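J.: Since the structure of chain B is provided, determine the placement of chain F on it from the hints.
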Amino acid sequence: MYREKSDERLVELAKGHDSEAFGEIVRRWERKIFALCFGMLGREDDARDAAQEAFVAAYKALGNFRGDAKVSSWLHRIAVNQCLTTKRRQKTRAEDFLVDEDGSEERVFIASPSQSPARVTEQAERLQLVRQAVVALPSDLKQVIVMKEFEEMTFQEISETLDLPLSTVKSRLYTALKQLKMKLERTPVEVV
Amino acid sequence: MLNNGNNKACDFADEIVSYIYDEATVAERSKFERHLSACGSCTDEFAAISDARFAVFDWQREEFAPLATPPIRIPYDAAEVGFIESVRLWFTIPAMSAGAALLILSLGVAYVFLRNADSPDMAANVSSMKPVDMPSISPEVRADKPSPDVATAREKVSELPSDSESSQGTATPRRASSKARPKPTRIVTANNAVRSNRAPSLATYQDPEDKSLRLSDLFADDGGRSDK
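So the sequence lines, in the order shown, correspond to chains B and F.
At position 72 of the first sequence (counting the first as 1) the number is 72 in the working numbering, and the numbers step up by one without a gap.
Here the working numbering = 1-based position in the second sequence + 192.
Chain B with its partners taken away, still in its complex shape (with noise of 0.2 Å):
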């Protein structure tokens, strides 16, 4: 019953206290809010607490939703927030990638079986430096390639979800991905 109704019908039963309702929601938005949240982040465990949050406070902040903007828009705009209060909160813990890549955390990688050792370590590596690159960017740039490339939105909903002119979207992913070629050129990756 719930599945053919729109995001917004979904939200204006759930303020009426209809939590069938909003898991509804949360059904529909939960990989691309996790998505965002891994790659506004990245690390799967921050990415998992920023959308845990990210619906509790939605949950909490429905008596504020007007309709005036996209049930999408709004989604994205409090994940985007509760990703900047976690990143403010691992500053302040002083945990940032560059402490954490010193081998304390541990990632699991599946290679391919045909690829050599070396080959599957380089590959470790690039992954590495590409996802500290993603998170070092600019938070606008940064919310754009992660919707686009995690979240598999098109530049119009990109668009519409940012509320953004579509030519300030792309001009945003542009200078996202021209920036981080510079970093990934800047720290190339050894072949032991």
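If you're looking for bench data, these hints aren't it; they were derived computationally from the structure.
Hints may be right or wrong, so weigh each one.
[Unchecked claim] Coverage of chain F stretches by chain B, computed from C-beta distances (three or more under 8 Å per stretch; other residues unrestricted):
| # | stretch |
| --- | --- |
| 1 | 205-215 |
| 2 | 237-245 |
| 3 | 251-261 |
[Unchecked claim] Derived contacts from chain B toward chain F, CB cut-off under 8 Å, selection only:
| # | residue |
| --- | --- |
| 4 | 19 |
| 5 | 26 |
| 6 | 35 |
| 7 | 46 |
| 8 | 48 |
| 9 | 51 |
| 10 | 52 |
| 11 | 149 |
| 12 | 150 |
| 13 | 184 |
Since the structure is predicted, the reported quantities are computational estimates derived from the model, not experimental observations.
Built from N, CA and C at the ideal position, the CB exists for glycine as well.
T.: Here is chain F on its own, set in the frame of chain B:
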């Protein structure tokens, strides 16, 4: 768009990202491909942007795609906003804060106003107020058209003893019998002046005898001057 080779800038940034993400129209794609075949710097730029894009794509595919979506648990009971929290949320919105402040102020003013209006002390004060001693005014009233107030006053005065002096002013003594009526002389006092249909005439104004003590009397010589 600027490229690493410091060549002339080509304004194809939007077209590059649209092409890379396969969101260009057929016409845009054709136009961009024709330009790439003619512009070496844009080709290098396109290659660099594509490389960065696929690095992110690889990261997403290798690290994020295999992850299961974590279950989201909403504490529906605990997450419901309490009364105090909902009141606090009201005041976090500037417009609502201003409206709430205005409403509280209006209620406060209304409360004070109503309290003073309904105060029993106020009513008692009103009833205990003594009429101010004002000079009596005796206008000439036409006998053929006595005013209703005069008739009422006449009846009341007729009930008074002949040698009585009321605190409301000098009353013309009236005969017990109403048959032989003297020429009506209407005495206008402070209490019935407002009910009068005619304005009092100053020609017949009589100053009341002023018996109040004056400061000058305290310093007057023996025998002092008499009051008016």
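J.: Confirm or reject each hint.
T.: Okay, the hints, checked on the actual structure:
Check result for the stretch 205-215 of chain F against chain B: holds, 7 residues qualifying (beta carbon to beta carbon below 8 Å, three or more required). Using a Cβ-Cβ cut-off of 8 Å, 5 residues of the stretch 237-245 of chain F lie near chain B, which meets the minimum of three, so the contact claim holds. Using a Cβ-Cβ cut-off of 8 Å, 8 residues of the stretch 251-261 of chain F lie near chain B, which meets the minimum of three, so the contact claim holds. The beta carbon of residue 19 (chain B) is positioned within 8 Å of a beta carbon in chain F (closest approach about 5 Å), and the interface hint is therefore held.
Taken as an interface hint, residue 26 (chain B) checks out: its beta carbon lies about 5 Å from the nearest beta carbon of chain F, inside 8 Å. The closest approach between the C-beta of residue 35 (chain B) and any C-beta of chain F is roughly 6 Å, which is under the 8 Å cut-off, so the hint is satisfied. The interface hint given for residue 46 (chain B) is broken, as the beta carbon of that residue sits about 12 Å from the closest beta carbon of chain F, more than 8 Å. Taking 8 Å as the C-beta cut-off, the interface hint given for residue 48 (chain B) holds, the closest approach to chain F being about 4 Å.
The interface hint given for residue 51 (chain B) holds, since its Cβ lies 7 Å from the closest Cβ of chain F, which is under the 8 Å cut-off. A hinted interface residue such as residue 52 (chain B) counts as satisfied when its beta carbon comes closer than 8 Å to some beta carbon of chain F; here the least separation is about 6 Å, so the hint holds. At a threshold of 8 Å, the smallest CB-CB gap from residue 149 (chain B) to chain F is about 5 Å, leaving the interface hint in force. The interface hint given for residue 150 (chain B) holds, since its Cβ lies 5 Å from the closest Cβ of chain F, which is under the 8 Å cut-off.
Taking 8 Å as the C-beta contact cut-off toward chain F, the hint placing residue 184 (chain B) at the interface holds, the least distance being around 6 Å.
Hint compliance for this structure: hint 7 alone is broken.
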